[in-house]
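Respectively, the protein sequence lines represent chains Y and S.
Counting in the UniProt record's numbering, the first sequence tops out at residue 158, every number present.
Counting in the UniProt record's numbering, the second sequence tops out at residue 158, every number present.
Among the hints, erroneous ones may be present.
[To be verified] In silico DSSO-like links for lysine-lysine, alpha-carbon gap of 30 Å or less:
1. Lys3/Y / Lys14/Y
2. Lys14/Y / Lys127/Y
3. Lys70/S / Lys70/Y
4. Lys127/S / Lys33/S
5. Lys69/Y / Lys14/Y
6. Lys70/S / Lys96/S
7. Lys57/S / Lys70/S
8. Lys33/Y / Lys14/S
9. Lys86/S / Lys70/Y
10. Lys33/S / Lys86/Y
11. Lys14/S / Lys66/Y
12. Lys69/Y / Lys70/S
13. Lys33/Y / Lys33/S
14. Lys96/Y / Lys57/Y
15. Lys86/Y / Lys14/S
16. Lys70/Y / Lys14/Y
17. Lys57/S / Lys33/Y
18. Lys66/Y / Lys69/S
19. Lys127/Y / Lys57/S
20. Lys69/S / Lys14/S
21. Lys86/Y / Lys127/S
22. Lys86/Y / Lys3/S
23. Lys66/Y / Lys3/S
24. Lys70/S / Lys3/S
25. Lys14/S / Lys107/Y
26. Lys127/S / Lys70/Y
27. Lys127/S / Lys14/S
No lab work stands behind these hints, which were simulated from the structure alone.
Here the structure is a predicted model, which means the values were calculated and not measured.
Protein chains: 2
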Amino acid sequence: MEKHEVVRLNINFKTLEEFENFREYGQQELSMKEDLEGNIIENDIESPFYGVYFGNKLVGRMSLYKIDKKFDRYFDPPQDYYELWKLEVLPGYQGKGIGESLVNFSKSLGLPVKTNARQRSDSFWEKMGFEPITYHSDRDRGENPYVWFPEGVSEQEN
Amino acid sequence: MEKHEVVRLNINFKTLEEFENFREYGQQELSMKEDLEGNIIENDIESPFYGVYFGNKLVGRMSLYKIDKKFDRYFDPPQDYYELWKLEVLPGYQGKGIGESLVNFSKSLGLPVKTNARQRSDSFWEKMGFEPITYHSDRDRGENPYVWFPEGVSEQEN
Chain Y
1 MEKHEVVRLN
11 INFKTLEEFE
21 NFREYGQQEL
31 SMKEDLEGNI
41 IENDIESPFY
51 GVYFGNKLVG
61 RMSLYKIDKK
71 FDRYFDPPQD
81 YYELWKLEVL
91 PGYQGKGIGE
101 SLVNFSKSLG
111 LPVKTNARQR
121 SDSFWEKMGF
131 EPITYHSDRD
141 RGENPYVWFP
151 EGVSEQEN
Chain S
1 MEKHEVVRLN
11 INFKTLEEFE
21 NFREYGQQEL
31 SMKEDLEGNI
41 IENDIESPFY
51 GVYFGNKLVG
61 RMSLYKIDKK
71 FDRYFDPPQD
81 YYELWKLEVL
91 PGYQGKGIGE
101 SLVNFSKSLG
111 LPVKTNARQR
121 SDSFWEKMGF
131 EPITYHSDRD
141 RGENPYVWFP
151 EGVSEQEN
């Protein structure tokens, strides 16, 4: 698999227009657009989104959100970690290792990573070194939590 | 649209086998299966899942999970509410009002309902009387929250 360059996406009208190509588009993106239109945020500020471009076209993206140690209910010892969501590669660009490059980028940041593996994507996450963790209905509320443990980190007992 | 009978699903091996037909199948279902196999839970106990049958076949389902008032960050006044997830109708049974019957059932319970509208299902939720609420990145973490307000309930200020 080819390795693809992952870049942090700046929020501007061009990025927001590209986001409209993705299936997982909703209030997070609309809220960013309103903030930009209302001058509540500046053009080109850094977002929680990372992406892969083919030429000028954004073809894959994910959001990485750092959760503070005090809210950590997954890892032992408790620590800051990343929640990864909206991992998506546009049709026509799948099977080229773009998703893998995005996930490898999240693992390169040195913190544990947690995601909600959706719609039978379990084998993808396992290939990426993620593991399912024990389901707790209060914490997980229907999610399908997969985590990546860096060296020395394990599952938190609940 | 026809109205379909919604029943609460009992956890047993037959139900769990039917769950395997749905795309959103994961650790919640696997955990229920392990609990049943290990005699940690009894056969035929009530689950948080509700479904619609065609004959003997489970063709639609959702999970409804009651959240305690003290964790309510969506509604004013703060109150117990339902989180609705894994709403899904099998291919071949879509377009018959089965999803609508499930959602109407959730609204009939007398409490507000919150869901995460996914993959451009916004128009469905709006048709069902749900509304998008203001996106807060700390609370919503990439979700696309839609809520249904009963009479006298409004959005919580954050």
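Okay, the hints, checked on the actual structure:
With a CA separation close to 25 Å, the supplied pair Lys3/Y and Lys14/Y stays within the 30 Å bound. Between Lys14/Y and Lys127/Y, the direct Cα distance comes to roughly 33 Å. Violation of the 30 Å bound is thereby established for this hinted pair. Restraint check for Lys70/S and Lys70/Y: satisfied, since their Cα atoms lie roughly 19 Å apart, inside the 30 Å limit. Straight-line distance between C-alpha atoms of Lys127/S and Lys33/S comes to about 35 Å, which puts the hinted pair past the 30 Å bound.
Under the criterion of a C-alpha separation no larger than 30 Å, the hint pairing Lys69/Y with Lys14/Y is inconsistent with the structure, at around 34 Å. Simply put, Lys70/S and Lys96/S have alpha-carbon atoms about 38 Å apart, too far for the 30 Å limit, and the pair is violated. For the suggested pair Lys57/S and Lys70/S, the alpha carbons sit about 38 Å apart, so the restraint of at most 30 Å is broken. Only pairs whose Cα atoms come within 30 Å are accepted, and Lys33/Y paired with Lys14/S is rejected, the gap being roughly 47 Å.
This hinted pair checks out: Lys86/S and Lys70/Y have alpha carbons roughly 29 Å apart, not beyond 30 Å. With a CA separation close to 28 Å, the supplied pair Lys33/S and Lys86/Y stays within the 30 Å bound. Proposed proximity of Lys14/S and Lys66/Y is contradicted: the alpha carbons are some 41 Å apart, above 30 Å. Our distance criterion of 30 Å between C-alpha atoms is met by Lys69/Y and Lys70/S, whose separation comes to about 22 Å.
Restraint check for Lys33/Y and Lys33/S: not satisfied, since their Cα atoms lie roughly 43 Å apart, outside the 30 Å limit. Under the criterion of a C-alpha separation no larger than 30 Å, the hint pairing Lys96/Y with Lys57/Y is consistent with the structure, at around 15 Å. For the suggested pair Lys86/Y and Lys14/S, the alpha carbons sit about 33 Å apart, so the restraint of at most 30 Å is broken. Proposed proximity of Lys70/Y and Lys14/Y is contradicted: the alpha carbons are some 36 Å apart, above 30 Å.
The suggested pairing of Lys57/S with Lys33/Y is violated, with an alpha-carbon distance near 44 Å, which exceeds 30 Å. For a cut-off of 30 Å, the pair hint linking Lys66/Y to Lys69/S stands: about 27 Å separates their Cα positions. Distance restraint check for Lys127/Y and Lys57/S: the Cα-Cα separation of roughly 34 Å exceeds the 30 Å cut-off, and the hinted pair is therefore not satisfied. Taking the CA atoms of Lys69/S and Lys14/S, the gap is about 34 Å. The hint is violated against a cut of 30 Å.
Between the alpha carbons of Lys86/Y and Lys127/S the distance comes to roughly 25 Å, so the proposed pair stays at or under 30 Å and holds. A hinted pair counts as satisfied when its Cα atoms are at most 30 Å apart, and Lys86/Y with Lys3/S does not qualify at roughly 34 Å. For the given pair, Lys66/Y sits about 44 Å from Lys3/S by alpha-carbon distance, which is inconsistent with the 30 Å threshold. Taken as a hint, the Lys70/S and Lys3/S pair is broken in the structure, with Cα atoms around 35 Å apart against an allowance of 30 Å.
For the proposed pair Lys14/S and Lys107/Y, the alpha carbon gap of about 39 Å is over 30 Å, so the pair is violated. A hinted pair counts as satisfied when its Cα atoms are at most 30 Å apart, and Lys127/S with Lys70/Y does not qualify at roughly 39 Å. This hinted pair does not check out: Lys127/S and Lys14/S have alpha carbons roughly 33 Å apart, beyond 30 Å.
Hint violations for this structure: numbers 2, 4, 5, 6, 7, 8, 11, 13, 15, 16, 17, 19, 20, 22, 23, 24, 25, 26 and 27, all remaining hints satisfied.
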